[in-house]
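Peer 1: Please take these sequences and the hints and turn them into a complete structure.
Chain order of the listed sequences is U and B. Residue 1190 is where the first sequence starts when you use this note's numbering, and the numbers rise one by one after that. Residue 54 is where the second sequence starts when you use this note's numbering, and the numbers rise one by one after that.
One thing to keep in mind: the hints can contain errors.
Unchecked claim - Pair ranges (Cβ atoms, derived):
id	chain 1	residue 1	chain 2	residue 2	range
1	B	Ser315	U	Phe1506	35 to 45 Å
2	B	Met69	U	Ser1531	50 to 60 Å
3	U	Trp1545	B	Ala347	43 to 53 Å
4	U	Gln1538	B	Leu350	31 to 41 Å
It should be emphasised that the hints constitute simulated quantities derived from the structure, not laboratory data. C-beta: ideal position from N, C-alpha, C; glycine also.
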Amino acid sequence: MSASHAVVREIRFMLRDRAVLVALLFTLVLSSVAVVGGLSEVRYQRATLDRLLIADTADREDALSHQTDWGSAAYYSFHLAYDPPSNFAYAALGQRDSARWKHRVRMLALEGQIDERAAGSPVVALIGRFDFSFFAAFVLPLVLIALLYDLRSSERSAGRHNLLEATAGAAGRLWRVRVLVRGVALFIAAIVPLIVGGVISETAMATLAAASGLVLVYVLFWSVVAYRFSSVEESSGYILASLIGVWALLAIVVPTGARIVIDTAVALPAGSEILLTQREAVNDAWDLPESATMEPFIERHPEYAEDAYVPHRDGGFEWKWYYAFQQVGDQKVEALSQAYRSGRMRRDQMANVAAWLAPPALLERLLQRLAGTDARATLGYEQQVRDFHAALRRYYYEKLFKQMPFNQEALSELPEFEPR
Amino acid sequence: MLQGVSGPALLVGKLMALVLLTLLLLLPLLVTAAISESAAAGLTITATYLIYLGVWAAITIVVSAVLQKRSSVLVALTATWLVTCLLVPSIAVDAEARSTAHVGKIESDLRLLTDLRKLGDGHNANDPAFARLRDNLFAQYDVSDPADLPVNLRGVVAAYSEAELTETMNRYAEERMTVEANQSQRLARIGWLSPALAVGFSSRVIAGTDISHYHRFLRETEALRFDFVQGLNKAHAEDLDYTLDINRNKSEEDGQRARVSSDTWAVLDENRFTPATLSERWQKAVPTLTMLTAWLLLLIAGVWISGRRLKP
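Peer 2: Okay, structure coming up:
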């Protein structure tokens, strides 16, 4: 009997098994629910961005049109910075629930503006969402276990086990083909909604192929585990309990344990500490001698050393001094802020390594990587906001320090945020 | 097999045994509750989790009585857990997030900013937005120059502008909090489908870490800030001479003269957030506790019924 014969026979056999069909339908439905949920969330985020972009431009143009000097222009105009969802984000929303993907920044001290948390509903953030990556990583293995745990023991209790092995020739191959057929069927039921979603959101073929490959390998991994356990000559109840135990270990215990260990090992400065230190530095500057602000500023910007003279309280207020102490406020917390960022990066790297011990966490992370919704993407976006803010400063510093005459036309050269 | 013990009695006995086991699981919670700051709240939470675990014990007994095969029981129980603990909550959250038109923070900030711009700049006493306030003051004291007013015009304008600003901002904050509270309430109702959601909401309410406490904290902090700022504005209006004030940037000396005592800061009250009383929290937890209790009673009835079907 050829291999293809065996496969065809197993497919026929599977299609007559009501329990298998129910499991496949269950998978198809859940995967569709996850994909539809992800698609509509992404559509909502895109629509929000579209509205915001229009409102932001209108608000800025309105604010700028009333200004007659550079300092006020910088003070009253906000700029939208944002991280649009990738066209695979529907499959893995990842950090987009808890981390900010849009900011409105202006030329004041940056640290106070960048670390605001995403202001979604707190209860929603508490419970978490059901997206494809969650479904594939955590739910799919359970369905697979339910499909495969009694592969042999059911035939054994039906009295067909030995007969089947005898007629099938190579004993092991029969079971391996059966496991493979069921595993691949489950994979197809899970992946079809993802592909349809990908076609709708015009995901790159390479991304979809990579995601499908990952899920396939993942399903095969769990198939092998289930196959190994089902070969043990024990009751099906015992096999099932052990498999669920393995699942709980890999999906819950190891990832949670790893997170606790990593969070303890890599301490993070509190975001509020950064905020408070920066605020106090900026507030104190009002009462400090001008040199206390201008000296550390010039250290960073020697190109303005000649233009940094701020007359001492001559009845006026100097915008260049004001923005200089905003920047010096940022400089004061630079070390803290850097530690905060590198700490988060370090935690993420360690979690990446630890994920190799827990395949469900690994799959979830890899899908988030493909979707650009992982911690690395969040940090990358944060860096973009920092770069944009730096460009704003470059633009206005030149005008303020070189005392260029204000003109509305020059405002069209204001830097614009370019999302990746 | 039953040797004179009735089916229901046998299953209820099994249920008691399982509940005893869950008591063991609750031991760490019980110990920490007993030595915690608020033992009454801690013990209430422990009791809540006892009901919750009782629900699962009863589910286990019912399913294992109805299904014969041990492995089918495990599959059914795992599926029940998957659906009630993972799927129902996260799908409900998804649906909730989509159905409520939850206006994003930036969007409402934009609208807020537009509204605030209409209010005028409180740091600028000459802003046309305050012309009427100024005219009224002039009329009241029958003067035509701000320097002749018995109060510092700049402080009066600052206080007036602060009150208006705060009123507008609070309106937006209230709008947002209402949306969030409604969202939370609708999600709590899904507890009828998921005991895991119900126990989560109950224990957060009793612990005083739920959304209503969070909102109350925000409101109290805002009230504290407002009183503090208005205290300073009052000092600005009453204790700081207008002429000294407008000349504050003339020289270092003038700058020093245009100051009020740092004791003015004492208007910032000590404030410590206290959660609602336990009985209030208890009352708030009643809806979700009712769900849990209903689940438990229903399942105990289920245990009884499936026990009667056991044939000796």
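Peer 1: Go ahead and decide if the range 50 to 60 Å is satisfied by the Cβ distance of Met69/B to Ser1531/U.
Peer 2: 55 Å, holds
Peer 1: Please check whether Trp1545/U and Ala347/B have a Cβ separation lying inside 43 to 53 Å.
Peer 2: Given about 45 Å between the Cβ atoms, the range holds.
Peer 1: Cβ-Cβ distance between Gln1538/U and Leu350/B: within 31 to 41 Å?
Peer 2: 50 Å, violated
Peer 1: Do the Cβ positions of Ser315/B and Phe1506/U conform to the proposed distance bound of 35 to 45 Å?
Peer 2: 23 Å, violated
The earlier numbered hints that this structure contradicts are 1, 4.
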